Amino acid sequence: MEKELRLMKGNEAVAEAAIRAGADGYFGYPITPQSEVLEYLMEAKPHERTGMVVLQAESEVAAINMVYGGAACGKRVMTSSSSPGISLKQEGISYIAGAELPCLVVNVVRGGPGLGTIQPSQSDYFQATKGGGHGDYHLIVLAPSSVQEMADFVDLAFELAFKYRNPVMMLSDGAIGQMMEKVWLSPQKERSKTVPEWATTGKPPTRERVIITSLDLDPMAQERFNQKLIAKYNEIREKEVRYEEFQCEDAEYLFVAYGTSARVCQKSIQLARAQGIKAGLLRPVTLFPFPVNRLNELADKVKMMISVEMSAGQMVEDVMLASNGKVPVYHYGRMGGMVPEPEEVTDFLKSKI
Amino acid sequence: MTEEILIAGFGGQGVLSMGKIMAYSAMMQDMEVSWMPSYGPEMRGGTANVIVIISDERISSPIIRHFDTGILLNQQSLDKFEDSIKPGGVLVYDGNGINRHPVRKDISIFRIDAAEEAGRMKSPKVNNMIVLGGFMKIKPIITLENVIKGLKKSLPERYHNLIPVNETALQRGMEIIREV
Amino acid sequence: MPQATGINDIIKPENLVYKRTEVMTPNILHYCPGCGHGTVHRILAEVIEEEGLQTEAIGVSPVGCSVLLYNYLDIDWQEAAHGRAPAVATAIKRLLPDKFVFTYQGDGDLAAIGTAETIHACNRGENIMIIFINNGIYGMTGGQMAPTTLPGMKSSTSPYGRDVKMMGNPVKMTDIVATLPGTFYVTRQSVHTPANVRKTKKAIRKAAQYQKLNKGTCFIEVVSNCPSGWKMTPVESNRWMEENMFPFYPLGDMKVPQESESQTTNK
Ligand code: SF4
Chain A
1 MEKELRLMKG NEAVAEAAIR AGADGYFGYP ITPQSEVLEY LMEAKPHERT
51 GMVVLQAESE VAAINMVYGG AACGKRVMTS SSSPGISLKQ EGISYIAGAE
101 LPCLVVNVVR GGPGLGTIQP SQSDYFQATK GGGHGDYHLI VLAPSSVQEM
151 ADFVDLAFEL AFKYRNPVMM LSDGAIGQMM EKVWLSPQKE RSKTVPEWAT
201 TGKPPTRERV IITSLDLDPM AQERFNQKLI AKYNEIREKE VRYEEFQCED
251 AEYLFVAYGT SARVCQKSIQ LARAQGIKAG LLRPVTLFPF PVNRLNELAD
301 KVKMMISVEM SAGQMVEDVM LASNGKVPVY HYGRMGGMVP EPEEVTDFLK
351 SKI
Chain B
354 MTEEILIAGF GGQGVLSMGK IMAYSAMMQD MEVSWMPSYG PEMRGGTANV
404 IVIISDERIS SPIIRHFDTG ILLNQQSLDK FEDSIKPGGV LVYDGNGINR
454 HPVRKDISIF RIDAAEEAGR MKSPKVNNMI VLGGFMKIKP IITLENVIKG
504 LKKSLPERYH NLIPVNETAL QRGMEIIREV
Chain C
534 MPQATGINDI IKPENLVYKR TEVMTPNILH YCPGCGHGTV HRILAEVIEE
584 EGLQTEAIGV SPVGCSVLLY NYLDIDWQEA AHGRAPAVAT AIKRLLPDKF
634 VFTYQGDGDL AAIGTAETIH ACNRGENIMI IFINNGIYGM TGGQMAPTTL
684 PGMKSSTSPY GRDVKMMGNP VKMTDIVATL PGTFYVTRQS VHTPANVRKT
734 KKAIRKAAQY QKLNKGTCFI EVVSNCPSGW KMTPVESNRW MEENMFPFYP
784 LGDMKVPQES ESQTTNK
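Chains as they are written, first to last, in the working numbering: chain A, 1 to 353; chain B, 354 to 533; chain C, 534 to 800.
Chain A on its own, in the form it takes in the complex:
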């Protein structure tokens, strides 16, 4: 089957890609700027196309707990929201991580804190990559920088989620969610019929009962479980790092940016190079695991790194850790829903040389 070319919003692309990836369920609650995901799914009648369940929940809290229930049945389930709604989901996400359940959570980030703005932002980086809810856990975090990637990462997210029995977050932003671009959609996949052995499906006489829980009253046993999680996260760190490089071969100055900021930086690099400044970009595609080793290598080659983010400076801390003092690291950011102009990023670079 051929791929299909469409002009779509990022939010619509996520929804259509979910149907085509053979997702079993979506549970959501409206919030700007991601309501199109639920709207699209309701209109596209996935129940008729593939049997996928789509439900508008009474709150983000209910939606994430529906995801918990569905994931524990071994199903491919997901939710989407934007920053304030993702904060509400954190309890459920922690339980999902603690019960080692696979699922996809899409965050179309807007400016904060609080109700903030509805414009694009990257201020949920800490929340997404450092845990977010309570307890020692990590999500696998994918950062799309185009509508195409919002579609492609749905399938990738489910693959990783089931491979590691771990929740995956797609950390997008209002710009990528709301804009339309060309997108090549994969052909329809069948919904999976395999039932993982850890899933609750009703207990046949041939096996022990399955208990999905994150509770352990014995601290020694809980510590053993924490160690098991650490081992899993280390395996993910080793095997699942993804990033993209632009003009890094001869770069003397390196931008580090993801999502919308990474696109801004591509233009900034053009502007800088036109003025004889050799700039390059490393775009992390996975924010957890973070491309630590590659950044550490690049720190031996470049003179300076600048973390460009639509935030007050969050990822910059990881860039500093990765470069480990080898080169100066700066942060350039806009906040509150402002997107940096390529010119201002180039000017900032020039001011630091």
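Derived from the structure by calculation, the hints contain no laboratory data.
Small disclaimer: the values here were computed from a predicted structure and weren't measured.
Misleading hints may appear alongside valid ones.
[Stated by the list, open to error] Restraint-style ranges between C-beta atoms, simulated for each label pair:
| # | chain 1 | residue 1 | chain 2 | residue 2 | range |
| --- | --- | --- | --- | --- | --- |
| 1 | A | Glu-223 | C | Asp-708 | 44 to 50 Å |
| 2 | A | Glu-190 | C | Arg-553 | 42 to 48 Å |
| 3 | A | Ile-353 | B | Lys-502 | 55 to 61 Å |
[What the hints assert, rightly or not] Reference listing, derived: stretches of chain B covered by chain A, where coverage requires no fewer than 3 residues with Cβ under 8 Å from a Cβ of chain A:
| # | segment |
| --- | --- |
| 4 | 382 to 391 |
| 5 | 402 to 416 |
[To be verified] With the Cβ distance kept under 10 Å, some of the chain A side facing chain B (calculated, not the full set):
| # | residue |
| --- | --- |
| 6 | Thr-50 |
| 7 | Gly-114 |
| 8 | Ile-118 |
| 9 | Lys-267 |
| 10 | Ile-269 |
Every residue, glycine too, gets a C-beta built ideally from N, C-alpha and C.
With chain A's structure known, arrange chains B and C with the ligand on it following the hints.
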């Protein structure tokens, strides 16, 4: 070639859909496109605007503050965005209801009285197609053939009977646009 | 002289009057002596066995005294976050519509922190059974005031008695969900006498049968005791429950289907 366009006006002027048809037509021509609307409460009844970028290269930032072409369809948009057009760029505006006309000397300014023309055609809904026709005349990037394809794609089947009047509107736009 | 009889001489099939149902695990219940939870667990397990539901049952356990319920019934379980069981059960039932899905929740779980999930699952008419244990107190955390604590009733966070002017009134959740179009069968029972145990078991059986027929939400409140939280002996607690809880939470059906709507069998 990269063309960065801002379209702004009242919600009811078909600003977003004009941008969508532009983007769709360019995509049909194998170009890269992005369509970035302003969104949120300001959409409700107030002004709407959309940034459309058409390019034969991968598009970097979809949100920019300086444009090759500004299509500014009410006074509010004109006041807000006249200065956002790059020197040497193009401004298209509708004279309807405008009491402070554009003043820049370093750009080309075109006027298209689309609202008036749509009134004459007795179909106010084609306002945006008249403007689009005008744009196609001065910036021949997208072809009429692809715009019609785009219309077919974006209009539900039951409105396909409206395609001929839209085509007429596009042609009228090409005829009535004039440089100031 | 009669021979001393060993235990093995007594355990004979002809002497058997009561046996643990197979659906109960051999794990020892952690509940306080005289607590109603154990009884409800047992009759729930019996209904699951008698209706042949063990292979299709998926239970959702709450946060509260019955948090470890999954240790006692030999079926598949999901442990929900505090109050969220109806949302969890919603997804399970929608994704696996052929399974028998139920939640088991206390009053803090269902009527305080989980009010929204409870009302909306009932209002959507999710085809699940909700068992609601109401003992008017937070048992697990040590006897704090619950949404169902009676006016004037003492708890560790209402040490001078619940002052409704300051602390609000007790919530009659079962009355509320009975008004919602999505609920099919709503009843309030108890397990403090053998006769009441039989009635509650019958209610659970009906709910299980209605679920097979896709009838909507079945909601069973069990007004129960908490000897530890109430600081009484089991016998005192049952008497106190009859004298104080039942007048406020009267037992009986609140919403019963019309004869024609409910084709079930009685055992
Ligand atoms: S605290 Fe109360 S409800 Fe909990 S087990 Fe003890 S008696 Fe039962």
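Consistency of the hints with the structure:
| no. | hint | result |
| --- | --- | --- |
| 1 | A/Glu-223 - C/Asp-708: 44 to 50 Å | holds, 46 Å |
| 2 | A/Glu-190 - C/Arg-553: 42 to 48 Å | holds, 44 Å |
| 3 | A/Ile-353 - B/Lys-502: 55 to 61 Å | violated, 49 Å |
| 4 | 382 to 391 | holds (count 6) |
| 5 | 402 to 416 | holds (count 6) |
| 6 | Thr-50 | violated, 24 Å |
| 7 | Gly-114 | violated, 16 Å |
| 8 | Ile-118 | holds, 4 Å |
| 9 | Lys-267 | holds, 4 Å |
| 10 | Ile-269 | holds, 9 Å |
The structure does not agree with the numbered hints 3, 6 and 7 stated previously, though it agrees with the rest.
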